[in-house]
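Based on these hints, arrange chain B with the ligands on the given structure of chain A.
Listed below, chain by chain, are the residues.
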Amino acid sequence: MNNIRFSDESLALVQKMIQRYPEGRQKSALIPMLHVAQAEFDGWLAPEVMDYIASLLNIQPVEVYEVASFYSMFNLKPVGKCVIEVCRTSSCWLLGAEDVIRHLENKLSVKVGGTTTDGMFTLKSVECLGSCGTAPMMQVGADYYENLTLPKVDQLVEKFRHDGKRKCYTDQPENVTI
Amino acid sequence: MGKKLLLQHDHVPGIHSYEVYRKHGGYASVEKAMKQLSAEAVVEEIKKSGLRGRGGAGFPTGMKWSFLAKPPGVPRYLVCNADESEPGTFKDRYLMERHPHLLIEGMITSSFALGANTSYIYIRGEYFYVSRILEKAIEEAYANGWLGKNILGTGYDLDLYVQVGAGAYICGEETALLESLEGKRGNPRIKPPFPAIAGLYGCPTVVNNVETIAAVVPIVTMGGDEYAKIGIGKSTGTKLISASGHINKPGVYEIELGVPVEEFIYSEEYCGGIKNGKQLKAVVAGGSSVPILPAHLILKTVNGEPRLMSYESLSDGGFATGTMLGSGGFIVMDEDTSIVKNLWNFTRFYHHESCGQCSPCREGTGWMEKILHRILHGHGKISDIDLLWDIQGKIEGKTICPLGDAAAWPVAAAIRHFRSEFEEYVKNPGSIQDVKHYYRLNNLTEA
Ligand SMILES: Cc1cc2nc3c(=O)[nH]c(=O)nc-3n(C[C@H](O)[C@H](O)[C@H](O)COP(=O)(O)O)c2cc1C
Ligand code: SF4
Ligand code: FES
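Protein chains in written order, with this note's numbering: chain A, 1 to 178; chain B, 1 to 447.
Chain A extracted, bound-state conformation (with noise of 0.2 Å):
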């Protein structure tokens, strides 16, 4: 548990982001945080992870649990590398989300919320992710992947298991320039 510190990088963002709130209120940050923390340590909120969140800003550990508990973008247990969510709403179910679903639990053996064997992936299945104009869709880290067809997902699991890095919301997104 001593262990855990932000690196200085995250830990200058972390400060800075504090500082967006009015005095009083630092609590705010806590959301945007725990994305930064979830980056940084292997993609999961481990006990340890919630409760140096908790030092850092000055509130009870339970506030934390409760908050990363809601939000479904929060893990709170280990992940592969690639999170793979494949959004299962309304316009991609019409579309054939299921197809990929099943697909990519074919392909990867695995049930829609394990992770394989060799730690590379895990398959979740999610709400609309506003991408319906170009279902069925997936997002993998900080990218969308729309318009999927089969033969396109499995181009992709193949360039995520060569790359064999861990992907984050927080990364930079690979598909779009800003």
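What you were told as hints is all true, and nothing was included just to trick you.
Quick list of in silico lysine-lysine cross-link-like pairs, BS3-like style, CA-CA up to 25 Å:
1) K27(A) <-> K184(B)
2) K370(B) <-> K111(A)
3) K136(B) <-> K167(A)
4) K124(A) <-> K341(B)
5) K184(B) <-> K77(A)
6) K191(B) <-> K27(A)
7) K370(B) <-> K124(A)
No lab work stands behind these hints, which were simulated from the structure alone.
For chain B with the ligands alone, kept in the frame of chain A given last:
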């Protein structure tokens, strides 16, 4: 071609950058508001424009702004709702990704009108990459003197921040959003007090949708009266429609309010007709929460009038034969769509997203999901259909926030208009096989 006010420069390369945006008249509304008008005069223009909230409820924006309490010495806040999680809705993402400065400009002009010196854009966590686009635009706005201290030498100060959420549909509800922005679980607050009196940090707050804030820019630039001439009746101006489902040209379309639904679905300018030459079966016109309508009722009102894309026309006939414009999430379903299965998908969504504070919503959504699941899988009884009807009626209007209604309405509408399809599932479970093979049409196996 209909009039375009928000996506007017959609095809201009580099319009997301400050220089190009500015060259095309960007930030003129800030100059006009601060130099020619006053804060009060801007609120007047918004009132005159007839602008109604684009987040779903359609509440008049000018009126909302004039309700904002102004106790001396207490800060006021403007919070932009960029949570966009209503299934079928993706217009705010489009706007923020491609036209970030339009939102930033709208935030500055609106904050000035409301007397807010700190404003936040609360964006859903999954749009993390979009938050970076906004942050870059904000940096450019600071660098060019549109944000910060003493803007345009007027003595007015404004700081603008982007706050990311972390995955929760309920955080689109304005008081849940404020809770989340305060670093808490997204549990909606009991109202009153309304945010206009006690919102963020207990201070007077206005919460507006991304598109509403963006619309402030053309309104202030052209004047409220001019804006009110666009559109039809009390549905003034333009609206972004997110079109998806079984259509040839899904995407975000800016329409002048009042376009006939039939034209919107079939013309090449918009959706381009139904995919694969199929027939239209049903439409969910305003995001997953609004009542589904069968083809004949979405194209024409019960009196045989052509149905228009406007607040009034879509709700003509009440819930018996009409629906709502909602968020403008327009989901089109072709003849092969299973209404029962689609409803199960929606109901599962609401069950998953219920925050759990009120028993009718927490329990009722779960019961409805379970019953629909058993009907779908051939274990339903005819009495289950009445049971569903009964449960939805016991949720509607009996909860802290409107998510309960949003979960109840789709169930009521599906039974109201497609009862025979539910009965078919119960009486003839074999028909389910056809639905399972429905995806052959999607051609997902082709590269
Ligand atoms: C469950 C629920 C989800 C909502 N989601 C959103 C949303 O994602 N975006 C939005 O702008 N408004 C959403 N709203 C509406 C907001 O509560 C609020 O009315 C709106 O942000 C006000 O802005 P407007 O007047 O500009 O439309 C939601 C409401 C409910 C009940
Ligand atoms: S209606 Fe549902 S989502 Fe809204 S407060 Fe109640 S339980 Fe929560
Ligand atoms: S339904 Fe899948 S992104 Fe909206």
